[in-house]
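Q: Here our numbering is used: the first residue of the sequence shown is 1, the next is one more, and so on.
None of these hints come from the bench; they were simulated from the model.
For every residue, glycine included, the Cβ atom is placed at its ideal position computed from N, Cα and C.
The reader is advised that the hints may include incorrect statements.
As the list claims (entries may be wrong) - Label-pair ranges, simulated between beta-carbon atoms:
#1 Arg199 with Arg127: 38 to 44 Å
#2 Gly77 with Ala46: 19 to 25 Å
#3 Val99 with Pro47: 43 to 49 Å
#4 Ser98 with Ala126: 22 to 28 Å
#5 Arg127 with Pro51: 17 to 23 Å
#6 Ala46 with Gln203: 34 to 40 Å
#7 Ser98 with Ala74: 20 to 26 Å
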Amino acid sequence: MSGAVIIGAGPGIGQAVARRFAREGMPITLVARSDRTLRAAAEAVAPSGVPVVAFAADGADREALRAALDGAAAEHGLPDVVVYNAAIIQADAPGELSVRGHLEAWAVNVVGALNAAAHVAPAMAARGSGTFLVTGGMPEPEPRYVSLSLGKAGVRTLVELLDREYGPSGVHVASVTVAGPVAPGTGFDPDDIAEHYWRLHTQPRHRWEREALHAGSGAFLPGQDHLAQDEQGRGGQRDAQQRAHHAEQRAAE
């Protein structure tokens with residue numbers, strides 16, 4: 001078992017997915033922007049007793065991301081599964097964000113996932129097995145979150161393209177779409193969401209799904225906030241949650 005790589009290992013989904021795969025005895029590689037986030041994630045995984053390595057890299061930095069993936073392979077072998085959970089999460093209405101701001105968001109939200117997949121999926125395909133999962137969201141576009149809505153639409157297209165390219169060679173490419181604000185003890189508890197990643201990874205090939213939707217304990221209703229990962233909207237409790245998870249809002253640091 002050569003392990004799991006979690007890119008965007010911040011509090012919330014990133015840590016929960018790392019713990020879920022570690023529970024199965026898989027060696028874990030953590031990738032995040034900041035040493036503080038990496039230390040917290042490593043501490044969260046430590047009780048499982050599996051080997052854990054950590055690398056600092058920004059999802060928008062192609063070379064740093066490649067170096068982290070190479071480091072993971074050097075430590076644990078070619079990964080069984082890579083999870084891309086990095087994103088820039090910000091509220092921006094149409095016309096509010098600069099061109100540079102949109103490009104920076106797109107670089108993390110979509111291009112980072114593309115670069116990670118392009119670096120590991122060919123080797124997985126040559127081996128004949130592997131899983132590449134991306135955290136998605138925004139089942140419906142939200143005008144208050146333009147860059148994020150565009151990014152999540154891009155993720156859906158990217159997953160389809162990667163599936164066409166590598167799926168026939170045995171690489172399962174899929175996304176987990178989270179249709180609400182992530183918070184422990186709610187219908188969007190990160191530990192519950194993490195189960196989707198494990199289920200997708202262990203699906204037999206004839207039952208592969210390209211998307212898993214986590215709609216929480218309530219019904220999915222148009223007009224609700226549909227924010228993925230640890231993405232929070234404006235107003236009341238969501239604002240408090242947003243401040244609490246600020247460290248994960250920039251590429252899961």
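Q: So which hints don't hold here, by number, going up?
A: 1, 4, 6 and 7
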